[in-house]
Amino acid sequence: MDFSEEWKSVFPIGSVFGAPLLLSSPSSKAILGPLCFNPKPQTLTQLFDSPSLCPLLSPPSRLSLSRFLSTSTTLDSPIPLSAASSIASLFGPQLHDNAASLLAHNRLQFLKCPHDNTVIVFFSTGCNHDQVGFLLLSVKERNLQVVGDPKGGVLTANKCLNQRIVKILVNPVVDCVCFGANDSCTSNILGYLLVYTMSSVHWFSIKICESSESPILCYIGCKIFKSCSIVDACWSPHLLEESMVLLENGSLFLFDLNSDRSDIYFRGTRLKVSWDDSGNSGNRKWLGCQFSWHPRVLIVASSDAVFLVDWRHDEFKVTCLANIYMFGVYAPIEKERFLVFSKAVSDNFHFVLASDSMLVLCDVRKPMMPVLQWAHGLDKPCYVDVFRLSELRSNSRESTFEWATVSGFGIILGSFWNCEFSLFCYGPPLPSHIGSVASEISKISRSFYSWELPSDFLLSGNKCPCGSCLVREEFLKDALPEWIDWQQKRDIVLGFGILSNDLSSLLFESDEFGGFTLIRLMSSGKLELQRYCASWNLVRKLEAAHRDPLLCFRDNLLYSLEDEEYKFPRRFKYLKLEYLHAYMNGNISQVLDSNMTKPYKGFQQRESFSVDFHEILCEKLKICGFSRFRTSPAISVVFNDINLPTSVHEVALRSIWASLPMELLQLAFSSYSEFLEVLLDKKKVALEFLVVPDLPQLPPFFLRKPSSRSSRWSNKVLCSNNLVGPVLPLPILITLHELQNGCPNSQDEIGGFSPDVELSNRCSEVMQVAREIAMPDSTAEPHDEDAVSLGNDRDDIWVASDKPKSFFLYCPVAVHCSTEGNRESNCVHEDGRFAFLISKVHEKESIHKNEVANVGQELFDDLCPIHLKFDAAAVDFSSQELKAYNLLKRHFSKWQEEFKPFQGFYSRFKKQVA
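Numbering (full-length UniProt numbering), first residue to last: 1 to 914.
Note that these hints are calculated values from the structure, not bench results. Where a beta carbon is used, it is the ideal one built from N, C-alpha and C, also for glycine.
Capping the alpha-carbon separation at 25 Å, the derived lysine-lysine pairs in DSS-like fashion look like this:
hint: 1; residue 1: Lys-167; residue 2: Lys-380
hint: 2; residue 1: Lys-140; residue 2: Lys-40
hint: 3; residue 1: Lys-285; residue 2: Lys-317
hint: 4; residue 1: Lys-683; residue 2: Lys-576
hint: 5; residue 1: Lys-167; residue 2: Lys-285
hint: 6; residue 1: Lys-526; residue 2: Lys-112
hint: 7; residue 1: Lys-29; residue 2: Lys-541
hint: 8; residue 1: Lys-526; residue 2: Lys-541
hint: 9; residue 1: Lys-226; residue 2: Lys-159
hint: 10; residue 1: Lys-840; residue 2: Lys-900
hint: 11; residue 1: Lys-317; residue 2: Lys-272
hint: 12; residue 1: Lys-366; residue 2: Lys-317
hint: 13; residue 1: Lys-380; residue 2: Lys-285
Pairwise CB distance ranges (calculated):
hint: 14; residue 1: Cys-228; residue 2: His-546; range: 46 to 54 Å
hint: 15; residue 1: Val-273; residue 2: Val-727; range: 56 to 64 Å
hint: 16; residue 1: Gly-153; residue 2: Cys-228; range: 33 to 41 Å
hint: 17; residue 1: Asn-761; residue 2: Leu-687; range: 29 to 37 Å
hint: 18; residue 1: Leu-506; residue 2: His-546; range: 25 to 33 Å
hint: 19; residue 1: Val-273; residue 2: Glu-881; range: 53 to 61 Å
hint: 20; residue 1: Ser-432; residue 2: Asn-158; range: 55 to 63 Å
hint: 21; residue 1: Leu-739; residue 2: Cys-618; range: 20 to 28 Å
hint: 22; residue 1: Val-685; residue 2: Asn-761; range: 33 to 41 Å
hint: 23; residue 1: Gln-163; residue 2: Leu-887; range: 48 to 56 Å
hint: 24; residue 1: Ser-878; residue 2: Leu-739; range: 53 to 61 Å
hint: 25; residue 1: Pro-599; residue 2: Val-875; range: 58 to 66 Å
hint: 26; residue 1: Glu-334; residue 2: Val-273; range: 21 to 29 Å
hint: 27; residue 1: Lys-541; residue 2: Phe-475; range: 17 to 25 Å
Between the sequences and the hints, there should be enough to build the whole structure, so can you do that?
Here you go:
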């Protein structure tokens with residue numbers, strides 16, 4: 001006969017009829033006792049109320065993205081709601097997932113003070129919840145009194161973490177450690193506190209100062225992770241000062257508070273664990289870590305698997321304990337993933353896992369074999385914890401169910417964001433008569449059974465669970481606008497804790513079947529206490545909550561939406577980008593022509609350009625190089641103006657700028673004194689542009705200095721007459737030039753002209769000229785579709801101009817190519833107008849070694865075949881500086897000889913100019 005019961009665990013409770021591991025019958029109830037827990041409304045007590053207890057999430061937009069897009073456009077061109085929803089869907093969820101992740105952890109942590117009827121409650125506080133806050137709860141005269149700071153607020157740690165706290169973990173000390181006279185005050189350590197944010201971990205010690213008899217937090221140290229965010233952390237139950245931290249990339253760090261520390265910064269020991277990269281590890285998301293039965297054995301959970309890490313023998317052995325494929329046909333594997341993980345309190349071998357649809361109890365001694373599993377039916381649970389049934393059924397007057405109370409466990413699973421929690425009770429099989437076969441088997445088998453079906457756990461305690469209230473609540477949720485989450489209206493639970501049995505017995509009389517005392521933190525900032533009692537059935541109606549149907553939909557402080565806390569006005573400013581929209585759609589010429597033909601109905605402004613300003617502007621433009629093209633073709637001026645390596649596209653832009661007439665350049669460049677202030681929010685605001693550089697050059701200008709003025713001139717910052725611009729984009733100027741000339745380049749009058757086509761033609765012309773002026777044996781051949789041959793239509797003007805300097809046309813490559821066929825595939829840019837560069841070849845003047853006379857910036861011409869031009873004052877170098885230069889030059893020449901990309905470039909350069 002097969003006495004093994006492992007086959008029973010593959011049938012989940014709630015998914016199959018007559019699950020083998022479910023104890024639910026009148027005979028079992030007589031042994032197990034009541035397993036439902038109902039709140040007692042008359043015991044609801046408010047302990048503390050403060051806005052500092054609220055999470056105060058980042059204020060969400062008053063409108064969702066789709067709602068904002070559909071309601072914030074102009075009346076003459078509204079965006080349809082369907083189009084707005086499609087755009088919003090591209091960005092994913094805006095608010096729900098972010099807020100739900102911030103409320104994924106229990107925000108309350110308890111620490112029982114030994115030898116005293118006191119418990120310390122820890123939570124996050126501060127304007128950004130970046131500080132540890134705590135309150136002292138003490139039992140006096142059958143009342144729970146709250147002790148905070150003298151001003152009536154919460155007690156806080158002196159250390160501000162400067163980042164929102166994600167989770168707080170408490171590690172109690174069984175035997176208090178007494179310090180001597182070297183400390184600032186004689187105190188006892190009650191425990192340690194581990195607090196982590198997204199990128200840092202911080203440790204505190206919890207002490208009771210004997211002089212004031214109040215708890216204090218002493219900062220121990222921290223560890224900052226700059227390359228990866230933190231997923232989870234845990235204290236070691238075996239070694240008091242050890243803790244483990246799990247990062248988002250799966251890295252594990254072990255910390256010891258007694259060692260590996262420099263000042264307040266801990267280094268930690270990184271565990272060299274190699275994870276299994278098979279299966280779904282590419283999309284794996286790490287969940288948490290817990291110490292197992294040995295201080296060097298760890299359980300690490302991810303979204304698709306759970307691993308046991310054993311490094312007791314100086315090497316890391318990884319064993320897979322569970323994976324998502326264990327559920328078989330009872331869950332959709334392609335959509336299933338583990339969501340939350342926790343260690344059981346029964347021993348250090350068991351742990352619980354919850355996925356999208358399943359709750360599993362596992363044992364590290366039985367890899368890949370669940371001990372017990374349920375179909376939970378909850379929506380995205382984010383919290384799970386295991387309690388002893390003796391904690392939930394304490395202080396009972398009835399001793400009939402003593403065996404079940406001592407032997408049983410309860411799993412609380414749910415979501416703080418969705419306000420849904422369930423209780424799953426389990427324990428060993430029912431006791432058998434001594435000497436029977438079942439009794440002998442129970443001594444060998446360590447199986448667990450589900451005790452009754454899971455029951456709803458009313459964590460809030462003030463919500464009526466009757467059908468009428470549930471239906472009314474769903475209607476209220478549907479009636480809310482789509483951009484408002486119902487969590488903003490209802491007071492939800494953010495954290496909770498259960499008082500120990502000894503403290504609870506001092507507050508309440510014993511119940512018939514026992515119960516527990518719950519302390520919870522609400523999103524309204526209230527700290528509440530309520531008694532729960534064990535019952536045979538769930539409560540059907542709570543009279544207090546049932547009488548007030550709107551109790552659950554009142555505004556609370558979950559989000560900081562009050563105007564007095566945000567003193568700046570909330571306004572949306574809109575920019576009318578009509579010309580940009582027309583340019584992107586290819587009809588810029590049509591929009592310009594239409595606007596130019598419309599009569600101006602507004603107030604007639606004064607002329608912007610006076611005669612004096614015209615002369616000043618012409619003089620400044622001549623300094624910048626715009627005067628030379630009046631007597632020579634624009635393309636020759638642009639090539640003679642090349643100093644640094646310049647792309648074909650940039651040369652084409654310069655040639656277009658050089659061909660524009662002076663009346664259009666007056667529109668493109670101006671001075672601050674000629675600018676008219678624009679009206680913004682009923683206030684005149686001055687415009688701001690960059691100053692044209694003093695060095696003669698054609699736009700687009702290279703490496704301009706940033707502006708040194710603010711948005712408004714003042715007595716201290718006087719108005720400047722510097723030439724600034726361009727104030728109009730080049731496509732606008734090209735189109736205006738075309739309209740001024742009667743559109744000779746348009747195929748069908750105005751609609752046929754395109755600035756992009758004009759720029760493409762100019763790039764082709766520049767490419768052709770560059771090929772003609774390069775040496776005949778040039779190896780750089782452009783591969784551009786726009787680089788058409790102009791051999792049959794050569795410019796006689798270019799031939800008649802002054803003899804140009806030699807130029808070098810080349811294409812930088814990322815990888816050295818030995819064949820011409822691979823050259824194009826390795827270009828930095830596939831488009832020839834950006835890939836090919838044009839640079840001027842200069843004539844080097846050698847300097848004799850014995851020459852004592854000082855030399856200037858021409859000394860650097862030997863360093864590079866490309867002509868170097870300095871935007872600096874002339875400087876003469878002395879003989880000592882020349883000696884240092886020769887030393888550095890030798891090192892630089894040696895580097896050039898060893899650098900293969902430069903040698904490839906230099907060999908092509910010598911071939912062209914030879």
